[in-house]
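**Student:** So the sequence lines, in the order shown, correspond to chains A and B.
For the first sequence, the numbering used here assigns the number 493 to the last residue and increments by one with no breaks.
For the second sequence, the numbering used here assigns the number 318 to the last residue and increments by one with no breaks.
Calculated from the structure, these hints are not laboratory results.
Be aware that a few hints might be false.
[As the list claims (entries may be wrong)] Pulled from the structure, derived: some chain B residues nowhere near chain A, Cβ distances all over 12 Å:
1. Ile83
2. Leu266
3. Ser278
4. Ile287
[What the hints assert, rightly or not] Below are the DMTMM-like pairs computed for lysine to aspartate or glutamate, each with C-alpha atoms no more than 25 Å apart in a straight line:
5. A:Lys280 / A:Glu476
6. B:Lys267 / A:Glu356
7. B:Lys51 / A:Asp485
8. B:Lys267 / A:Asp142
9. A:Lys127 / B:Asp157
10. A:Lys470 / B:Glu198
If you're wondering where the values come from, they're calculated on a predicted model, not measured in any experiment.
Every residue gets a Cβ at the ideal spot worked out from N, C-alpha and C, and that includes glycine.
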Amino acid sequence: MKKKAVSMLLAAAVTVGMFAGCGQTDGGKTADTASTDNAADSQEKDAADANAEDAADAGAENAAGGEEGKIINVYCWNTEFSERVQAIYPEVKETSADGTVTTLNDGTEIHWIINPNQDGVYQQKLDEALLNQATASADDKVDIFLSETDYVTKYTDADADVAMPLTDLGIDPETDLADQYDFTRVTASDKNGVQRGSTWQCCPGLLVYRRDIAKDVFGTDDPAEVGEKVKDWNVLKETAQELKDKGYYTFASYADTFRLYGNSISQPWVSPGETTLKIDQKIMDWITDSKEWLDAEYFNKTVKGQWNDDWNKAMGSESKVFAFLFPAWGIDFTLSPNWDGDMGAWAVTNPPQEYNWGGSYIHACTGTDNVEHVKDIILAMTASKDNLLSISQKYSDFTNTKTGMPEAAADDATFASEFLGGQNPFKYFEPVANNIQIAPLSAYDQGCVELIQSSFSDYFQGKVDFDKAKANFETAIRERYPDITEIQWPE
Amino acid sequence: MKSKQKGVRYAKWGYLFILPFFISFFIFSFIPLVDTIRYSFYEYYRSGIKEIGPTFIGMANYVSLLKSDLLKYAANTLILWIIGFIPQIVIALMLAQWFVDVRTKIRAQQFFKVVIYLPNLIMASAFAMLFFTLFSTNGPINSILMSIGLVSTPIDFMGSVAGTRSLVGFMNFLMWFGNTTIMLMAAIMGISPDIFEASELDGCTGMQRFFYITLPMIRPILAYTLITSIIGGLQMFDVPQILTNGQGTPDRTSFTLIMFLNSHLKSRNYGMAGSLSVYLFIVSGILCFFVYRMTNDTDPDGSKAAAKRQKKLNKKN
Chain A
3 MKKKAVSMLL AAAVTVGMFA GCGQTDGGKT ADTASTDNAA DSQEKDAADA
53 NAEDAADAGA ENAAGGEEGK IINVYCWNTE FSERVQAIYP EVKETSADGT
103 VTTLNDGTEI HWIINPNQDG VYQQKLDEAL LNQATASADD KVDIFLSETD
153 YVTKYTDADA DVAMPLTDLG IDPETDLADQ YDFTRVTASD KNGVQRGSTW
203 QCCPGLLVYR RDIAKDVFGT DDPAEVGEKV KDWNVLKETA QELKDKGYYT
253 FASYADTFRL YGNSISQPWV SPGETTLKID QKIMDWITDS KEWLDAEYFN
303 KTVKGQWNDD WNKAMGSESK VFAFLFPAWG IDFTLSPNWD GDMGAWAVTN
353 PPQEYNWGGS YIHACTGTDN VEHVKDIILA MTASKDNLLS ISQKYSDFTN
403 TKTGMPEAAA DDATFASEFL GGQNPFKYFE PVANNIQIAP LSAYDQGCVE
453 LIQSSFSDYF QGKVDFDKAK ANFETAIRER YPDITEIQWP E
Chain B
2 MKSKQKGVRY AKWGYLFILP FFISFFIFSF IPLVDTIRYS FYEYYRSGIK
52 EIGPTFIGMA NYVSLLKSDL LKYAANTLIL WIIGFIPQIV IALMLAQWFV
102 DVRTKIRAQQ FFKVVIYLPN LIMASAFAML FFTLFSTNGP INSILMSIGL
152 VSTPIDFMGS VAGTRSLVGF MNFLMWFGNT TIMLMAAIMG ISPDIFEASE
202 LDGCTGMQRF FYITLPMIRP ILAYTLITSI IGGLQMFDVP QILTNGQGTP
252 DRTSFTLIMF LNSHLKSRNY GMAGSLSVYL FIVSGILCFF VYRMTNDTDP
302 DGSKAAAKRQ KKLNKKN
C-alpha cells in the first residue's frame, strides 16, 4: 500500500511539474482564450465598453486614493521616446544597461515594451494588451502608449476609449498645451474634438542632400541655391535629368516621394462610418509620376521601397543617391546612423512640396494606475518649452512649440547641426511647419499606405500591368481589413 | 489486502503515466482545434480595436475562400515544395547509398552526418534573413558575380518569379536533405546484407544493385518521406514570408497557403482563418490516412503479395 501511495505521489509530482513549467509561458495564452470566450458568450456587451467601464472605475479609485502603481508600462516601437525621456525628464534616476527599465527618483520603474512598427506588429501587440487591460493586474496594465500619425485615429477613437482624454488626467489642453502647433492637437483629438494625446514633435519635412554631389553637379552646395533647383516638381524634374547625366539618382526609391503626395490627399482613405475605401487622385498622381521617374532612372532601380537593407545602403557614402525627403526625426534617427562618411556631408533645403511625415503621439492609457506620473511625463515631455528646446538642441528634433521654434531658427549658434555641417535646419523647418495642412486621417491609413506601396512596386518594376497591380491592392486590402466592402478608384 | 487477484495488473499505471500528455493535449491542442472549427462558421474579426462578431454565418467563409485566390496559393505552395523536394530526395538517396555502402568506406562518416544535418538546426527565419541579405541586389552574391565578370549589372534575384521560387526551394532543400538522408540511411541499413551479398555473387553492378534492390526495398520509407514532406510543405511559411517581406512578391507568385492564413490573422479574422485552417486540416487528414495505411501495412516488402501471385500462377499451370 505504501508503495502505491509513493508512486501515486511521484506521478502527481510529474504532472504538477509539467504544468508548473508551462505556467509561465502558456498560462497567458489560456487566459487569452478564456477572455475571448467570455466576450463571445456575452454578445450584447461590447468588449471595449466593458474595458472602458472597468478602467474608468480603476482610474477613479486611483485619483481618489492617490495610490500610484510602482510600474509604468510604456508601449512603443523604438527607443526614440525612451532616449528623450532619459535625457529630458528630470525625475529619471537611472536606466538598466539593456535599456528596458528606467527607474525614477521615487522608485517607480518605467518598463519600455518595444515592438517593431513594420507589418503591424506593434499594433497587434498593443491591441492585445489593450483588450486585456481591464483584467490585467495593476503592474501589468498599459500606462502609456505611443501611436504614429498613420494610426493615431484608431486609438483616439471616442467609442473605443482606450486613450484617456487629457482633461481626465488634469491637463487642460487650452492652457497647458497652448504653445503646441494647432494641427498636432487636432490630429490627437477624437471626432468630438476631445484631445486624447499629445506629442513632443512636429514633423515638417525637408529635402536632405549630399553636399559633394551638389558641388559636382551644380557647382555649389549652398542650401539657398540648391533650394532653387528643387523648388517644385517641374523644376525638380529638370534637375533630376541633370543629376542623371552625371550618373546620380535624385532619390533612392519611389517610396521616398510618397509622403509628399499621400499626406496631401483631400479626403480620408475611408470616411468615418463608411466601409468604402476611396483612393485619392493624389495617390494616382504618385503612381504615374513614380513610374515615369523610375523608367527615366531618376530613382535607383535596385532600391525597392523603404526600411530595407538596400534603402539603408543608399544613405551610405558609396551610394549615388543625391537626396532624401525627411522630417527631423528621419535625419537624426535614420539618415545619420546609416551614413558612414564624414560629418557635415549633408545639408537641408526646402522640399518641392511642403509635407508632414509622422509624429509620435503620447497617450495615457485608460485604466492606468499611475495617473499622476503619466500626467507629469506628458507635461514634461510635450508642454515645457525649455525641455522641448533642449530636445531640439540635442537631437535636432523639430519640437512642438510655436514660440520656441522661431527662436531656434534665429539662433544659429545653439541649434546648428554638426551632421549638417553647421547648418541650422530649423530655418528651413520652421516655415514648412507653419504651412502644414494635415491630411484627413482614418484608422486604415497604415495598411493602405503600406499595401499601396507594396502592390504597385511590382507595377513600377514592370512585373505586372497597371490593372493587375490594382487588383492585387484590392485583394491585399480586403485581407487586411475585412470590413472594407468597396474600393473606389478615381476616374 | 490479499484478494483473489490473478496476477498483477499494471495497466492503470500505464494510463496514469500517459495522463499528463493527454491532459496537455486536451488543453493546448484539442480545445483550440474545436474552437478553430467553431469560429470558421462565424464572422469574427477586429476592425481597429473594435471586435466585430462573432455572428453565425454558416458556410459563408468557406464559399468566399473558394472564390478568392485560394487555389492559386495552393498551386504556389505545391510548386515551391516540388522545387525543394526533387533535389532533396535525389541528393539524399545518393548520399544515403554512399554512406551505407561498405565498399566506398567513407572516413569520418559521423562528422559528415552531423554537417549535413546542421542546416536544419538553424531557425528557418534566420536562414531566410541570411539569404535575403546574400541575394539582395546590392548584396555580396551580386558583388562577387560582378567582380569576377560574370554579369555586368546586378541580378535582381528576388524581383523575378523564377529567382524567388528557386531561392525558396533551395533553402528548403538545404534545410531538409540531411534529415531525409538520415532516414533513408536507416532504411537502407535495414535491408538484409544477405541480399546484397547474393547479388554480388551473381555479378550485379552498383547501379543495378541500387535500382533493383535498394530502391524497391526502401519503397515504404520513401513513400513515408514523400507524404510527411507534403504535409510539411503544405505548412510552408517562414522561408517565403521572410524572404518576400510577407508579400509573396513578385505578383504574389510565392504566396503560400499559410502566408494567406497569416494575412487574415493580421486583422484577427478568426472566422476566415479558421475556415482556411479547416481546408488545410482536411487535406492533411487525407494525406495522414495514406501514411497510416502504409505504416500499418501487413505486407511491407510485398513478399506475401508475391507469394500469392506465385500461387495463382501455379494454379493456372
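**Student:** Confirm or reject the statement that Ser278 (chain B) sits farther than 12 Å, beta carbon to beta carbon, from all of chain A.
**Tutor:** Holds: least Cβ distance 15 Å, greater than 12 Å.
**Student:** When you check the alpha-carbon spacing of Lys280 (chain A) and Glu476 (chain A), does it fall within 25 Å?
**Tutor:** It holds: about 11 Å lies between the C-alpha atoms, which stays within 25 Å.
**Student:** Is the nearest Cβ of chain A still more than 12 Å from the Cβ of Ile287 (chain B)?
**Tutor:** 27 Å, holds
**Student:** Between Lys127 (chain A) and Asp157 (chain B), does the CA-CA distance stay at or below 25 Å?
**Tutor:** With a Cα-Cα distance of about 34 Å, the restraint between Lys127 (chain A) and Asp157 (chain B) is violated, given a limit of 25 Å.
**Student:** Is the hinted pair Lys267 (chain B) and Glu356 (chain A) satisfied, with a Cα-Cα distance of at most 25 Å?
**Tutor:** 33 Å, violated
**Student:** Does the no-contact call for Ile83 (chain B) survive, Cβ to all of chain A over 12 Å?
**Tutor:** Holds, because the least Cβ-Cβ distance between Ile83 (chain B) and chain A comes to about 22 Å, which exceeds 12 Å.
**Student:** Take a quick look at whether Lys267 (chain B) and Asp142 (chain A) sit within 25 Å of each other, Cα to Cα.
**Tutor:** The hint holds at about 24 Å.
**Student:** Hinted pair, alpha-carbon criterion (25 Å max): Lys51 (chain B), Asp485 (chain A). Please report holds or violated.
**Tutor:** 11 Å, holds
**Student:** Would you assess whether Leu266 (chain B), listed as outside the interface, keeps its beta-carbon beyond 12 Å of every beta-carbon in chain A?
**Tutor:** Violated: least Cβ distance 9 Å, not greater than 12 Å.
**Student:** Tell me if the straight-line CA distance from Lys470 (chain A) to Glu198 (chain B) falls inside 25 Å.
**Tutor:** 62 Å, violated
When each numbered hint is compared with the structure, violations occur for hints 2, 6, 9, 10.
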